[in-house]
Amino acid sequence: MKERFKNEAFRSGLRYFLIGAAIICFYFFCKNIGVFRGAVDELMRILRPFIIGGIMAYLLCPVYNGTVRFFYVRLHRRLRGKHAMTWARILGTVISMAVLIGLIVAFLALLIPQIFNSIVGLVEVMPGKVSEFSVWVKHMLVESGHRDLADSVDGFINRSTSYGISKLENVFLPGVGSLISKLSVGIINTLKVMLDMLIGLIVCVYVLNGKEILKAKSRRLILVSCGRKRYNGVMDFWNFVNRTFGGFINGKIIDSIIIGIICYVGMLLLKLPFPVLVSTIVGMTNVIPFFGPFIGAIPSSIIICIQDPIKAGIFLIWVFVLQQFDGNILGPAILGGTTGLASFWVMFAIIVGGGVFGVPGMILGVPTVAVIAYYWDRYLSHSLKREGYPSEITDYLEFNSYGADPRDVVDPNYHKPNWGMVDLDSVMRRHRWKAAKGNYVWKRPGKAKQQPEQKNTKSTEDTEEK
Numbered sequence: 008m009k010e011r012f013k014n015e016a017f018r019s020g021l022r023y024f025l026i027g028a029a030i031i032c033f034y035f036f037c038k039n040i041g042v043f044r045g046a047v048d049e050l051m052r053i054l055r056p057f058i059i060g061g062i063m064a065y066l067l068c069p070v071y072n073g074t075v076r077f078f079y080v081r082l083h084r085r086l087r088g089k090h091a092m093t094w095a096r097i098l099g100t101v102i103s104m105a106v107l108i109g110l111i112v113a114f115l116a117l118l119i120p121q122i123f124n125s126i127v128g129l130v131e132v133m134p135g136k137v138s139e140f141s142v143w144v145k146h147m148l149v150e151s152g153h154r155d156l157a158d159s160v161d162g163f164i165n166r167s168t169s170y171g172i173s174k175l176e177n178v179f180l181p182g183v184g185s186l187i188s189k190l191s192v193g194i195i196n197t198l199k200v201m202l203d204m205l206i207g208l209i210v211c212v213y214v215l216n217g218k219e220i221l222k223a224k225s226r227r228l229i230l231v232s233c234g235r236k237r238y239n240g241v242m243d244f245w246n247f248v249n250r251t252f253g254g255f256i257n258g259k260i261i262d263s264i265i266i267g268i269i270c271y272v273g274m275l276l277l278k279l280p281f282p283v284l285v286s287t288i289v290g291m292t293n294v295i296p297f298f299g300p301f302i303g304a305i306p307s308s309i310i311i312c313i314q315d316p317i318k319a320g321i322f323l324i325w326v327f328v329l330q331q332f333d334g335n336i337l338g339p340a341i342l343g344g345t346t347g348l349a350s351f352w353v354m355f356a357i358i359v360g361g362g363v364f365g366v367p368g369m370i371l372g373v374p375t376v377a378v379i380a381y382y383w384d385r386y387l388s389h390s391l392k393r394e395g396y397p398s399e400i401t402d403y404l405e406f407n408s409y410g411a412d413p414r415d416v417v418d419p420n421y422h423k424p425n426w427g428m429v430d431l432d433s434v435m436r437r438h439r440w441k442a443a444k445g446n447y448v449w450k451r452p453g454k455a456k457q458q459p460e461q462k463n464t465k466s467t468e469d470t471e472e473k
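In our numbering, the protein residues as written are 8 to 473.
Treat the hints as calculated values from the structure; they're not laboratory data. Among the hints, erroneous ones may be present.
[Unchecked claim] Straight-line distance between alpha carbons at most 27 Å, and here's what the computed DSS-like set of lysine-lysine pairs gives:
1) LYS222 with LYS236
2) LYS145 with LYS278
3) LYS38 with LYS236
4) LYS199 with LYS224
5) LYS278 with LYS318
6) LYS236 with LYS224
[To be verified] Beta-carbon label-pair distances, calculated as ranges:
7) LEU323 with LEU387: 40 to 48 Å
8) VAL101 with PHE298: 33 to 41 Å
9) GLU139 with LEU323: 18 to 26 Å
10) PHE43 with MET201: 23 to 31 Å
11) ILE305 with MET201: 53 to 61 Å
12) VAL112 with LEU198: 25 to 33 Å
Please read all numbers here as calculations on a predicted model, not as lab measurements. Note that the Cβ used here is the ideal one computed from N, Cα and C, for glycine as well.
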């Protein structure tokens with residue numbers, strides 16, 4: 008079998024066969040994508056408690072590790088090492104669960120009454136604001152000399168109001184039965200979500216206390232499946248993924264909490280309505296990179312505009328200032344260079360991830376693209392170095408394909424306008440110039456030319472004389 012794989016014709020045929028099989032599988036997948044989507048949704052519904060528990064454990068892991076470390080050092084001295092780790096794990100689990108449940112209860116206790124009061128206030132204020140708006144429009148039209156248009160606008164508003172009331176009477180009253188059934192379905196779904204959350208808490212406890220065993224089993228599986236040569240590379244990959252995702256998610260959560268608090272304090276100082284509700288919306292949507300502040304500002308400004316349009320404009324200015332502060336000062340201070348992506352790729356990751364996976368895709372798309380971009384750049388650099396070409400991206404910038412300027416050999420900081428493709432010869436000249444400046448010689452890899460044998464003229468002359 009090994010001899011067959013050494014045969015070039017066999018490997019070529021196997022390659023084409025696998026490509027054809029992949030194309031056929033992709034065709035059937037696209038043709039039956041509805042069936043696959045339904046199967047994936049059902050599988051995700053079954054695994055939802057474990058996914059929730061895993062996410063909780065991942066987010067609580069820093070709290071758990073810090074608590075266990077703190078108590079283990081102190082209990083080890085008193086218990087003299089006997090059962091110190093067991094008690095430290097128990098205390099770490101209790102404190103982590105208390106932190107999680109306390110945050111959830113405080114969030115709901117603070118948010119639900121404010122949302123209820125805000126909705127009641129909007130319902131009470133909306134009819135009066137609509138009538139005030141209609142009176143203002145009529146007054147402006149009459150003042151500008153368009154009395155006929157004012158009468159038609161008044162008639163349109165009255166007809167729209169009566170039409171809406173009649174529609175509500177004709178649609179809502181006959182559909183009370185269906186509304187009750189939908190309400191019961193919603194209550195059942197809410198209970199299912201609460202049950203999944205409860206099971207997720209139990210899974211979270213098991214994962215936190217057994218993560219060392221899970222890590223050991225994963226390492227053993229990787230060593231068996233990938234071999235000794237690829238083991239370090241696979242472990243480096245997973246460590247990088249953990250650092251990227253963990254740093255981004257934890258940093259975004261901390262950043263969003265701080266932005267929500269600052270938004271709440273600013274709204275209190277500016278005397279804007281619904282500060283708790285609006286600050287919660289702004290903080291929650293700020294988890295989404297790039298588009299988050301704008302997504303949160305649109306519904307919040309509409310809510311404020313119903314009560315006072317001028318304050319809605321003030322709120323938009325405040326959100327813009329807050330977004331600039333977050334993007335230029337707070338975000339870089341907390342996140343740092345976690346992703347290392349340009350703004351274009353951040354926007355690409357959010358749009359594609361949101362279109363495929365919804366809100367979770369918008370949040371997790373950025374670290375996913377960051378990991379892919381890092382390893383793609385690493386692969387390109389390794390391939391270029393193997394072929395003997397420069398690997399830094401700055402060596403391929405600002406070169407014109409219509410001819411290289413002589414100054415790019417003398418001055419490495421000189422850049423011509425890039426009106427065409429990259430001139431590879433100019434790149435190589437620059438790289439040789441840097442190599443010479445660094446006291447080492449760069450040569451293009453390849454087979455060395457065999458020097459022609461020089462005839463030893465002295466030896467021939469000596470033989471002739473003899």
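These are the hints, each one checked on the structure:
no.: 1; hint: LYS222 with LYS236; in the structure: 19 Å, holds
no.: 2; hint: LYS145 with LYS278; in the structure: 30 Å, violated
no.: 3; hint: LYS38 with LYS236; in the structure: 40 Å, violated
no.: 4; hint: LYS199 with LYS224; in the structure: 32 Å, violated
no.: 5; hint: LYS278 with LYS318; in the structure: 9 Å, holds
no.: 6; hint: LYS236 with LYS224; in the structure: 19 Å, holds
no.: 7; hint: LEU323 with LEU387: 40 to 48 Å; in the structure: 43 Å, holds
no.: 8; hint: VAL101 with PHE298: 33 to 41 Å; in the structure: 39 Å, holds
no.: 9; hint: GLU139 with LEU323: 18 to 26 Å; in the structure: 21 Å, holds
no.: 10; hint: PHE43 with MET201: 23 to 31 Å; in the structure: 30 Å, holds
no.: 11; hint: ILE305 with MET201: 53 to 61 Å; in the structure: 30 Å, violated
no.: 12; hint: VAL112 with LEU198: 25 to 33 Å; in the structure: 18 Å, violated
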